[in-house]
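> Sequence:
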Amino acid sequence: CLQGAGMATQGWLIPKGTDCPPKDSCALQGQLNPPGPCGHGSALLGWHIPPVFIKRKKFDDELVESSLAKSSSRAKGGVEPGRCSGSEPSSSEKKKVSKSVSTPVAPSPVPAPSLAKRMKKSKQPLQVTKDLGRWKPADDLLLINAVLQTNDLTSVHLGVKFSCRFNLREIQERWYALLYDPIISKLACQAMRQLHPEAIAAIQSKVLFSKAEEQLLNKVGSMSQPTLDTFQELLHKHPDVFYPSRTAKALQLHWQLMKQYYLLDDQTVQPLPKGDQVLNFSDAEDMLDDSKLKDVRDDVLEHELTVADRRQKREIRQLEQELHKWQVLVDSITGMNSPDFDSQTLAVLRGRMVRYLMRSREITLGRATKDNQIDVDLALEGPAWKISRKQGVIKLKNNGDFFIANEGRRPIYIDGRPVLGGNKWKLNNNSVVEIASLRFVFLINQDLITLIKTEAAKMAQQ
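Going by this note's numbering, the sequence shown opens with residue -14, and the numbers climb by one from there.
Simulated from the structure, these hints should not be mistaken for lab results.
Values in this document were obtained by computation on a predicted structure and should not be read as measured data.
Mixed in with the good hints, there may be bad ones.
Stated by the list, open to error - With a straight-line Cα cutoff of 25 Å, these simulated DMTMM-like cross-link-like pairs (lysine to aspartate or glutamate) come out:
(1) K204 / D166
(2) K371 / D327
(3) K411 / D284
(4) K204 / E183
(5) K371 / E392
(6) K380 / D400
(7) K171 / D386
(8) K234 / D284
(9) K375 / E419
What the hints assert, rightly or not - Simulated restraints on C-beta separations:
(10) G401 / Q303: 58 to 68 Å
(11) L153 / K438: 56 to 66 Å
(12) N383 / E218: 16 to 26 Å
(13) V292 / M208: 52 to 62 Å
(14) Q303 / Q447: 24 to 34 Å
(15) E218 / Q312: 18 to 28 Å
(16) K146 / T291: 44 to 54 Å
(17) Q312 / V339: 37 to 47 Å
Where a beta carbon is used, it is the ideal one built from N, C-alpha and C, also for glycine.
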């Protein structure tokens, strides 16, 4: 810059015989002083700058005002600050220059972040709990399979029977939530993974037929008498077209349904007769004028029916409110008192003589011996010589469902349904568990299970 003389610039002392100040001072020096002969600002050629600055923290409003002042001074000068000749700017210089040159944006009123977060947190659990209550895991699995088969939500709404009567808009919202809402999608996937294999097989048997599948079934003539072997051969020829869970019996039933409604290729729908000749009862029913069949409205009768309906609903509501009182009276007569659940009891396995409290997520059932200690000793209830030493395991899932797994030789009967060894079955409230000649009633602490479900939903959101 200036040879043979020292120069004080921005607190940097340029000794005699040096070419230019350090690189980091170039960008900052050019912002405050006009450029010198080699592109550097100089205190000798521009304004006087004190060599010492007192550094202090700047608040947000001061930073905005200072950037405004710098941009206005640059607009007046019209000359950009220079760099050291023969050297490329470093990354730190680029960051400094970009921060200083960036055009300031007028501050806009931004809502408090804590209030926005509080509103978001209060809205999300409501939506999640609403979806968890209406849509069951079986409904989600059936919806996904049906959409993959048909690619049409309207067809899914018309052809699939869910556990609740959902309208088209609710089905669309649920499908979009499964696709784009990470919280609902994660909870739904966890619930579907815990479905029993038999329940999954039953759901897959209800999946709608796709257009490609129906086109293959159309090739079977209506005048022929196809057997199960015909449809089995059709399955072997086109395994990539038919859904994996399709069977020859399912194809035969669907083909018969298509034949009944004249949907096969070689069938023609007969037009309605023009005269008085009627082909069948349904055609005659279509020709009737419904307006002529309507009875004359009787206002007195309608009023009496409305009053009677209101009276019956009031009686039903009163009976529902008195139900727990009658339950106490019945239990006092039969000697079977309702269990008093505490804050640690998840469920109770109640027998004729003994009550077993389930206070952990997993307990073992069987017959205790000297070498084998288990959680629930069924020998305390009655004769247990037919019961295995480890007959079964009762386990609580994260979604609040109880399952019993049979690990013994003899079957376990749940509500009269046999559960063989190596299989498991879901336990509901008041389910009857029969092992050998012993019978138990499985009672669930609904309040504690509801609390566990709520905590699991909160953990899934995080």
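> If a hint holds in the structure, say so; if it doesn't, say that too.
Hint check:
Pair hint K204 plus D166 does not hold up; C-alpha atoms about 42 Å apart against a cutoff of 25 Å. Of the pairs offered as hints, the one joining K371 and D327 is violated, with about 33 Å between alpha carbons and a cut-off of 25 Å exceeded. Straight-line distance between C-alpha atoms of K411 and D284 comes to about 52 Å, which puts the hinted pair past the 25 Å bound. Between K204 and E183 the CA atoms are separated by roughly 32 Å; this puts the pair beyond 25 Å, and the hint is violated.
Between K371 and E392 the alpha-carbon distance is near 14 Å, which keeps this suggested pair within the 25 Å criterion. A distance of roughly 18 Å separates the Cα atoms of K380 and D400; the hinted pair therefore holds under the 25 Å criterion. Between K171 and D386, the direct Cα distance comes to roughly 18 Å. Compliance with the 25 Å bound is thereby established for this hinted pair. Taking the CA atoms of K234 and D284, the gap is near 54 Å; set against the 25 Å cutoff, the hint is violated.
At most 25 Å may separate the alpha-carbon atoms for a hinted pair to count; K375 and E419 meet this at roughly 15 Å. Here the CB-CB span from G401 to Q303 is close to 34 Å, at odds with the stated 58 to 68 Å. Distance hint check for L153 and K438: the Cβ-Cβ separation is about 29 Å, which falls outside the suggested range of 56 to 66 Å. One distance hint, 16 to 26 Å for the beta-carbon pair N383 and E218, is violated here, with the actual separation near 45 Å.
Judged by the Cβ atoms, the range 52 to 62 Å given for V292 and M208 holds: they are separated by roughly 60 Å. Range check, Q303 to Q447: Cβ separation about 45 Å, and the 24 to 34 Å hint is violated. A hinted range of 18 to 28 Å for the beta carbons of E218 and Q312 is inconsistent with their spacing of about 59 Å. Checking the proposed 44 to 54 Å range against K146 and T291 shows it is violated: the Cβ atoms sit about 32 Å from each other.
In this structure the hint that Q312 and V339 lie 37 to 47 Å apart at CB is violated, the actual value being about 22 Å.
Comparing the model with each numbered hint stated earlier shows that hints 1, 2, 3, 4, 8, 10, 11, 12, 14, 15, 16, 17 do not hold.
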